[in-house]
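Chemist: Each chain, letter by letter, is given below.
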Amino acid sequence: MKVISVRNLKKNYKAYQKEPGFAGSVKSLFSRKYEQVAAVDDISFEIEEGELIGFIGPNGAGKTTTLKCLSGLLYPSSGHVDVLGFSPWKRNNKFLKQISLVMGQKNQLWWDLPPIESFLLNKEIYEIPGDKFKEMLSELSELLEIEDILRVQVRKLSLGQRMKCELVAALLHSPRVLFLDEPTIGLDVVMQKKLRDFIKEYNKRFGSTIILTSHYMEDVRQLCERIIIIDHGKILYDGKLSDVVRRYSKEKLIKVIFNQKVKPEAIEPFGKINEFDGQSATIVIPRSKAPEAVAAILKKFSVDDINIEEPAIEEIIRDVFTKK
Amino acid sequence: MKAWRIFLLSFQHVLENRSRSFIWVLYVLLPAVVFMLFWIGVVKSSGGDVSGWNFSTITSYYFLLTVLGSTVIAHIEEDVAEEDIRLGELTNYLMKPFSYFWTKFLEETPWRLIQGAFGVLIVIAFIFIFGNFFTLASSPLVIVLALLIMVLAYMLCFTFKMSLGLSAFWLTDSRGLFQILEVLLLIFGGFVVPITLLPEAFSKIAQVLPFSYIVYYPIVAIQGNLSITQMLTVIFAQLAWIFVFYLVYKVVWSEGRRKYTAMGQ
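From first to last, the protein sequence lines stand for chains A and W. As numbered in the working numbering, residues 1 to 324 make up the first sequence, in order. As numbered in the working numbering, residues 325 to 589 make up the second sequence, in order.
Keep in mind the hints are simulated off the structure, nothing from the lab. Here a beta-carbon is modelled for each residue, glycine too, at the ideal position from N, C-alpha and C. It cannot be assumed that every hint is accurate.
[Claimed, not checked] The list that follows gives simulated cross-link-like pairs (lysine to aspartate or glutamate, EDC-like), each with its CA atoms no further than 20 Å apart:
| hint | chain 1 | residue 1 | chain 2 | residue 2 |
| --- | --- | --- | --- | --- |
| 1 | A | LYS14 | W | GLU579 |
| 2 | A | LYS204 | A | GLU48 |
| 3 | A | LYS250 | A | ASP319 |
| 4 | A | LYS10 | A | GLU35 |
| 5 | W | LYS583 | A | ASP41 |
| 6 | A | LYS156 | W | GLU340 |
| 7 | W | LYS326 | A | GLU127 |
| 8 | A | LYS204 | A | GLU145 |
| 9 | W | LYS326 | A | GLU225 |
| 10 | W | LYS583 | A | ASP277 |
| 11 | W | LYS420 | A | GLU124 |
| 12 | A | LYS194 | A | GLU142 |
| 13 | A | LYS300 | A | ASP319 |
| 14 | A | LYS106 | W | GLU579 |
| 15 | A | LYS240 | A | GLU310 |
| 16 | A | LYS255 | A | ASP188 |
| 17 | A | LYS106 | W | GLU413 |
| 18 | A | LYS263 | A | GLU251 |
| 19 | A | LYS193 | A | ASP231 |
| 20 | W | LYS420 | A | GLU127 |
| 21 | A | LYS106 | W | GLU407 |
| 22 | A | LYS90 | W | GLU579 |
| 23 | W | LYS420 | W | GLU407 |
| 24 | A | LYS90 | W | GLU413 |
| 25 | A | LYS18 | W | ASP497 |
| 26 | W | LYS420 | W | GLU431 |
| 27 | A | LYS14 | W | ASP497 |
| 28 | W | LYS420 | A | GLU310 |
| 29 | W | LYS326 | A | ASP131 |
| 30 | A | LYS106 | W | GLU406 |
| 31 | A | LYS200 | A | GLU48 |
[What the hints assert, rightly or not] Simulated DEER-style distance windows between Cβ atoms:
| hint | chain 1 | residue 1 | chain 2 | residue 2 | range |
| --- | --- | --- | --- | --- | --- |
| 32 | A | GLU147 | W | LEU556 | 53 to 61 Å |
| 33 | A | TYR75 | W | HIS399 | 26 to 34 Å |
| 34 | W | ASP497 | A | ARG155 | 25 to 33 Å |
| 35 | W | PHE452 | A | GLU147 | 45 to 53 Å |
[Said to hold, decoys possible] Taking beta-carbon pairs under 7 Å as the criterion, some of the chain W residues facing chain A (in silico):
| hint | residue |
| --- | --- |
| 36 | LYS326 |
| 37 | GLN336 |
| 38 | GLU340 |
| 39 | THR415 |
| 40 | ASN416 |
Extracted from the complex, chain A is given alone in its bound form (with noise of 0.2 Å):
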């Protein structure tokens, strides 16, 4: 079942250009130069009821834009925007009701209250009947481990922690459409892997359908399925991430451990030397010549260990943005 449709959409900015220096200004309070920022420049896709899929692109993509139109916070300059059968920019308080919104960079909880009283408004606003509450809260808790710090005030509260009780603030009314923008944004990595592993578990306990935008290709490699690929606010790829590996990258990297010193001369007609010690070495080699290069060196050298490996996923995808 489609959970999400967004037909041509568009999201224009209107940007005042100012000529630099003094002058500039001057000239700027008789007339002013205005340009329209395409943010989000005729974009379509659809999302299936509880699919995890990773929006990326560089900053300025049109990510966020996409999902601001998608939670209802932006009004589209045109084409056609459907959540859960509801138009978002219409507030409608049923369609409300079943999403949430989490910024990485803004909070909801009450800065100078524990969390628990912010959870305590939310059950309210969103009508949660008390034993569903207590159940929600007591399963998110335990999922993130933030029973001990429900009655600390926020403010006290280190950023992880507080990410920990922003998320659980959102999914107490349990959302069928969850956006995520930069869930991880400032966390250190072991923050980052919990936030991931709980997110990974939401979506599978619970089945909601979640939309997630983050800088970290880890999240996204650890998370999605499909991903789509934003960038001057267009698509540049919606499809699997393993897929985007094949389409993009015409390259494989051969990893091999040699059972003695050998010259790199000797390696480089092979292919590409990217990295090389004397004793071991990293080839890239054009993807359809790999298995070939791989039976030449082992029949010209002693080999301890030999890989063909893709990519790293950030390389590929820097590719993409830069169209190498």
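Given the coordinates of chain A, assemble chain W onto it according to the supplied hints.
Modeler: Only chain W this time, still in chain A's reference frame:
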């Protein structure tokens, strides 16, 4: 129940910031005392009576002004403009299945109640010291109507300032606009001087503008200086202004939301 929970939570938040509330009361009290001393001087030099205002009515006017100024004057416009619209806090409100207007109303009301309570304490101290110089209505009906006028004054001020705050959807800096309207409220609301003491033209303007229904009329009502008919007229005018500002708010909100970019988020 939702409303009650928001109200209670806001109340806790205000109690966490009680010293801030007290300072805000002083902010209203100090200018009131300055104006009072000035007018006491004027009343004395005019032989004890200026257009029907005497020493007792003028001192109680300014002390009631402190209570009313703290209780009914909402300071929501900067919050709406700076925090919510400019810094993007509005996002949190927009994601909730509850009206922004009423959430703000429930968040602001505890501030007014606490500051009003501080104001009342100051007035009680004043009555204790200068009991003879304090005039207040004594008829229960007048007191009930005066309290209703005070509640409506708060609703009117709140609705007006909410609409004002939404100007930030269009203006990069709304603070200049807020200052201008604050000055108008000072003059035409009866802060500087009771509006009947203003030059005649100004006094007439003050009666047409909404500001006098926020401060001046609630004070003279609780002082017992208005007839029942006059009080009913005031209530009618307040309701009309609330209706006007609520309509303005609705239109500005629906247009402004299209402009919202959820920046800083």
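Chemist: Quick check: which numbered hints come out false for this structure?
Modeler: Of the numbered hints given earlier, those the structure breaks are 9, 10, 13, 14, 16, 18, 19 and 28, listed in rising order.
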